[in-house]
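Q: Please build the complete structure, drawing on both the sequences and the hints.
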Amino acid sequence: MWQKTAVAGLVLAIVASLAPVRAEDAIAARQAVLKAIGDDIRPVAAMLRHEAPFDLAAVRAALRTTAEGAAMLPAHFPDNSRTGRTEASPRIWAEKERFLALYATLAADARAAEAAITDEASFAARFPKILADCKACHDDFRLKK
Amino acid sequence: MTETTSSSTAKVLAWDLPTRLFKWALVVAIAVAWASDKIGGGNPAVHVTNGRIVLVLVVFRLLWGLVGGSTARFTSFVASPRTSIAYALALLRNREGHYLGHNPLGGWMVVVLLGLAAAMALTGLFNADVDRMIVEGPLARTVSDATVTLAHKLHHKIFDVLMICIVLHVAAVVFHAVVKKERLVPAMVTGEKPAAAYVDAARATPGAIGLASACLVAAVAIVWLGIRAAGG
Chain A
1 MWQKTAVAGL VLAIVASLAP VRAEDAIAAR QAVLKAIGDD IRPVAAMLRH
51 EAPFDLAAVR AALRTTAEGA AMLPAHFPDN SRTGRTEASP RIWAEKERFL
101 ALYATLAADA RAAEAAITDE ASFAARFPKI LADCKACHDD FRLKK
Chain B
1 MTETTSSSTA KVLAWDLPTR LFKWALVVAI AVAWASDKIG GGNPAVHVTN
51 GRIVLVLVVF RLLWGLVGGS TARFTSFVAS PRTSIAYALA LLRNREGHYL
101 GHNPLGGWMV VVLLGLAAAM ALTGLFNADV DRMIVEGPLA RTVSDATVTL
151 AHKLHHKIFD VLMICIVLHV AAVVFHAVVK KERLVPAMVT GEKPAAAYVD
201 AARATPGAIG LASACLVAAV AIVWLGIRAA GG
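Protein chains in written order, with the working numbering: chain A, 1 to 145; chain B, 1 to 232.
Derived from the structure by calculation, the hints contain no laboratory data. The reader is advised that the hints may include incorrect statements.
The calculated EDC-like cross-link candidates involving lysine to aspartate or glutamate, where the alpha carbons are at most 20 angstroms apart (straight line), are [said to hold, decoys possible]:
(1) B/Lys153 with A/Asp140
(2) A/Lys129 with B/Asp131
(3) A/Lys144 with B/Asp37
A: Okay, here's the thing in C-alpha cells:
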C-alpha cells in the first residue's frame with residue numbers, strides 16, 4: 001500500500017515540477033519577495049539619512065532578508081511572466097545573464113555587509129553599496145511607472 | 001601690451017578668469033552628475049550635492065552675465081534672431097565675421113546650455129526613486145508622488161536634450177578648429193585669442209575678481225537659502 005502512495009507521490013512531484021509556473025504566480029512571488037526586501041530596507045535607509053536612530057539588529061535583519069530574497073528572485077522570472085501586472089522590463093529576458101548577475105552581486109554584498117557591519121560607522125561605510133546595487137538593477141530592468 | 005616670446009602674433013583677452021573657471025567647473029559638474037548616477041549604481045549623496053553645485057554655478061553665471069567681464073555679459077553676446085540668422089547664412093558662404101567673444105550662434109548655445117543645466121538641477125530638486133529610499137532631491141518631500149514622477153520624467157528627458165546640445169556644442173568647437181582654424185578651447189583655457197579685426201570688440205575688459213567672489217557668495221546664499229525657504 002505504502003509503495004503505491006509513494007509512487008503516486010513521486011509521480012505528482014515530477015508532474016508538478018514539470019508543469020509550467022503560472023505567470024501570475026511568478027509575478028506575485030517576485031513582488032512579494034521584493035516588497036519584503038523594501039519593507040525591511042525602508043527604515044534602514046532612514047537610519048542612513050539620520051532620520052531614525054541606528055539599530056544594528058534591524059540593519060542585520062534587513063541584510064539577511066535582502067540576501068535571502070536576492071537568492072530566491074532569479075527563479076521568479078520565467079519566460080512566460082514577461083507581461084501582466086508587472087514593472088519588469090523586457091530587457092530582463094533580453095539580457096538575462098546580466099540581470100541574474102546583479103542579483104548575485106546583491107546577495108554577495110548583502111551577506112558581506114551583514115558580516116562587516118558592527119556599528120554605525122561601518123553601517124555608514126557599507127550600506128550605501130546595497131542601495132547602489134538596488135539602483136543599478138532598477139535603472140536598467142524596472143519599468144518606470 | 002607685451003608680446004610673448006614664443007608667439008609672433010599679439011594676444012588679446014577674450015574671456016576673463018571667472019568666466020573660464022565657471023565654464024570648466026560646469027563641465028566637471030556635469031561629468032560628476034553623470035558618473036554619480038551611472039557608475040556602479042551611483043552615489044546618491046554625491047549626486048544630490050553636485051546638483052546644488054550646478055545650481056550655484058548657473059546662478060553665478062547669471063549674475064556674472066550682468067556685472068562680469070565684457071565678453072561674459074549677456075548684452076554682449078545674446079544676439080537678435082536677425083543677426084543670428086544672418087551670421088548662420090554668412091557662415092555657410094564662408095563669409096562670417098569673426099568674434100572675440102561668443103559669435104551669435106555660440107551665444108545662443110551658451111543660453112541653451114545654461115538653461116538646460118538649470119532645468120536639470122531644478123527638476124533634480126524634486127526627483128526621487130519610485131520608493132523614495134535610494135536617492136531623494138532636497139525638495140522631493142515637499143511635493144506629491146505625482147510631482148516626483150513628473151520631475152523624474154523631466155529629469156531624464158532633459159538629460160537627453162542636454163546630451164544632444166553638448167554634442168552639437170563640441171561639434172561646433174571642432175568645426176571652428178578644423179575648418180575655420182580658430183582654436184576656441186585654448187582660448188577658453190588661457191583666456192586669450194590672437195589680436196585681429198573682431199566684429200564685437202578688439203579686446204575684452206575683465207570683470208573684477210572681488211566682484212566675482214561676491215557673485216559666487218551670493219549664488220551660494222541664493223541656492224542654499226532658496227532650498228531652505230522651499231522646505232528642503
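Q: For every hint, state whether the structure bears it out.
A: Against the structure, the hints:
Straight-line distance between C-alpha atoms of B/Lys153 and A/Asp140 comes to about 15 angstroms, which keeps the hinted pair within the 20 angstroms bound. Between A/Lys129 and B/Asp131 the CA atoms are separated by roughly 17 angstroms; this keeps the pair inside 20 angstroms, and the hint holds. Between A/Lys144 and B/Asp37, the direct Cα distance comes to roughly 16 angstroms. Compliance with the 20 angstroms bound is thereby established for this hinted pair.
In this structure, every one of the numbered hints holds.
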